[in-house]
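Each chain, written out:
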Amino acid sequence: MITETWDWIARVAEWGAANWSHPGDPDRGVLPRLAEHMRLSYLSILIGLALALPLGLACVRWKRLYPPVLTGVNVLYAVPSIALFFLMLPYTGFSDWTAVVPLALYTLVILLPNVVDGLRQVPDHVRQAAVAMGFGPLRRLVYVETPVAVPVIIAGLRVASVATISMVSVASLVGLGGLGRLILSDGFRRQFDAPIVIGIVLTVLLAFVTDAVLVIARRLLTPWARGSGGGGGLPRRRRRAAVPAGAGAAAGPEAADAERARHPAQTGTTAKERRPWTS
Amino acid sequence: MDILTDLLAWFADPAQWTGDTGIPARVGEHVHYSLLGLLLSAAVAVPLGLLTGHTGVGGFLTTSLANFARALPTIGVLFLIVLAAGIGLVPVLCALVALAVPPILVNTHEGVRGVEPRLRDAALGMGMRGHQVLLRLELPVAVPLILIGMRTAAVQVVATATIAAYVGVGGLGRYIVDGQARQDLTMMLGGSALVVLLAVLTTLLFAGLRRLLVAPGLRAGAVA
Chain A
2 MITETWDWIA
12 RVAEWGAANW
22 SHPGDPDRGV
32 LPRLAEHMRL
42 SYLSILIGLA
52 LALPLGLACV
62 RWKRLYPPVL
72 TGVNVLYAVP
82 SIALFFLMLP
92 YTGFSDWTAV
102 VPLALYTLVI
112 LLPNVVDGLR
122 QVPDHVRQAA
132 VAMGFGPLRR
142 LVYVETPVAV
152 PVIIAGLRVA
162 SVATISMVSV
172 ASLVGLGGLG
182 RLILSDGFRR
192 QFDAPIVIGI
202 VLTVLLAFVT
212 DAVLVIARRL
222 LTPWARGSGG
232 GGGLPRRRRR
242 AAVPAGAGAA
252 AGPEAADAER
262 ARHPAQTGTT
272 AKERRPWTS
Chain B
569 MDILTDLLAW
579 FADPAQWTGD
589 TGIPARVGEH
599 VHYSLLGLLL
609 SAAVAVPLGL
619 LTGHTGVGGF
629 LTTSLANFAR
639 ALPTIGVLFL
649 IVLAAGIGLV
659 PVLCALVALA
669 VPPILVNTHE
679 GVRGVEPRLR
689 DAALGMGMRG
699 HQVLLRLELP
709 VAVPLILIGM
719 RTAAVQVVAT
729 ATIAAYVGVG
739 GLGRYIVDGQ
749 ARQDLTMMLG
759 GSALVVLLAV
769 LTTLLFAGLR
779 RLLVAPGLRA
789 GAVA
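Top to bottom, those sequences are chains A and B.
Residues in the first sequence are numbered consecutively from 2, following my numbering.
Residues in the second sequence are numbered consecutively from 569, following my numbering.
For the record, the hints were derived by calculation from the structure and aren't laboratory data.
Positions of the beta carbon are idealized from the N, C-alpha and C atoms, including for glycine.
Just to be clear, a hint being listed does not mean it is correct.
[What the hints assert, rightly or not] With beta-carbon atoms standing in for the labels, derived distance ranges:
no.	chain 1	residue 1	chain 2	residue 2	range
1	B	V625	A	V210	27 to 37 Å
2	B	T623	A	Q129	42 to 52 Å
3	A	F193	B	G656	17 to 27 Å
4	A	Y92	B	L576	15 to 25 Å
5	A	Y92	B	L657	32 to 42 Å
6	B	G736	A	T72	33 to 43 Å
7	B	A653	A	V210	25 to 35 Å
8	B	L772	A	A51	24 to 34 Å
9	A	A133	B	L603	55 to 65 Å
Just chain A, with the same shape it has in the complex:
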């Protein structure tokens, strides 16, 4: 049994090595698929972030905008990715946008609440101190509020990037999809397991590496948070405040739950925090 498993792993690895890239044909092999996967997922995440930041700012500035926007984004998220890819086909054909537009929209459901919460949880005394030091609204936003919001925004980015990287594969059904194409065309259609396994392993690896890069980015961007067990300092304080000590015992968990329900990604963030699963 063990030798069989070992042989199987060796066979899969051998196939991966033999088909890593084909010098004569740059579009065949594992490496081009991996590159395509990275291109599609990173492009989606970056576009999602580029949309979430101004949208989040607008939602913080005009409070009444937030509930309808959030509902809209959530309804969009209930649309299955496969369906959305097919719905995109008549408009974008087989270009990258067929995959990127839906994936970027999906990231909003995680990123937008995190941007809004990140900006809202800037402590009032910090904001007042900035005003007292003569910071105008724009400089305050760029130099004070955004840096303080960075841990929460990156927490959202981590969840969004892992979800996006695993979802890109679904786009293989419309002929895109990076490693998903390896899984579908080279693996499933030819009844061959090695490409499927390589595709799954590389997808998971890519997700973990991206996650690690984001953790490092957070540490570099928020040097002040390093002492307090990494990035979680501010959100944790905010959460504790969300469940007032004087609240009835029964209301406690429910309030925390409602909190979680409204901020999907917030809780599933840093490794040390509790991680319920909401999106």
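Go by the hints and put chain B onto chain A.
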């Protein structure tokens, strides 16, 4: 707008509403797989989550599992299982269960872990045994979070059951697969629209379940 009129015509066609390949039959298949997958997952994940949450053993394992599962590409898992086990209902259910177990498990675990220590102390002080604390305190308090996990799982399952058509067991994915094969855009869009509708209905169903199952004492605080 052309697409929309085509779509409406597709839905209005009476032939769509009868027979083995009609909309009711396809929706029935889809709901059947989804429900079966979700119930199987819940039957595995809820007791396991209650156990790990109550005893505190295996918390690290659940978190790691959750991380890992988030990154796993579903279609890869499905196709791999189909290659290993052949075409049929079993591989589809396996893939759906693999997809649905992590969110339910993690939320059940966290729901039980999140019960306030004061409440647990009070229950113990009232003379409750371990299993009584679990069933009469921790489970009811964890229900909202368990339901959120199940809703997440259910929406994903409904969406992913579409792929079941690729391995030949029907469901709403058939419209997408057949539409693709025949270059019939309206059919693909019709199938997609039905999946979206089902996903939205699932979300609404869980909103209803929440009202039914969450204890009144817990609901009082849920103004938000």
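We went through each hint and held it up to the structure:
1. B:V625 / A:V210: 27 to 37 Å: Holds, since B:V625 and A:V210 (Cβ atoms, about 30 Å apart) stay within the stated range.
2. B:T623 / A:Q129: 42 to 52 Å: holds (47 Å)
3. A:F193 / B:G656: 17 to 27 Å: holds (20 Å)
4. A:Y92 / B:L576: 15 to 25 Å: holds (19 Å)
5. A:Y92 / B:L657: 32 to 42 Å: This hint holds: roughly 35 Å between Cβ atoms.
6. B:G736 / A:T72: 33 to 43 Å: Holds: the Cβ-Cβ distance is about 38 Å, inside 33 to 43 Å.
7. B:A653 / A:V210: 25 to 35 Å: holds (31 Å)
8. B:L772 / A:A51: 24 to 34 Å: holds (32 Å)
9. A:A133 / B:L603: 55 to 65 Å: The hinted range 55 to 65 Å holds for A:A133 and B:L603, with Cβ atoms some 60 Å apart.
In terms of the numbered hints stated before, the structure departs from none.
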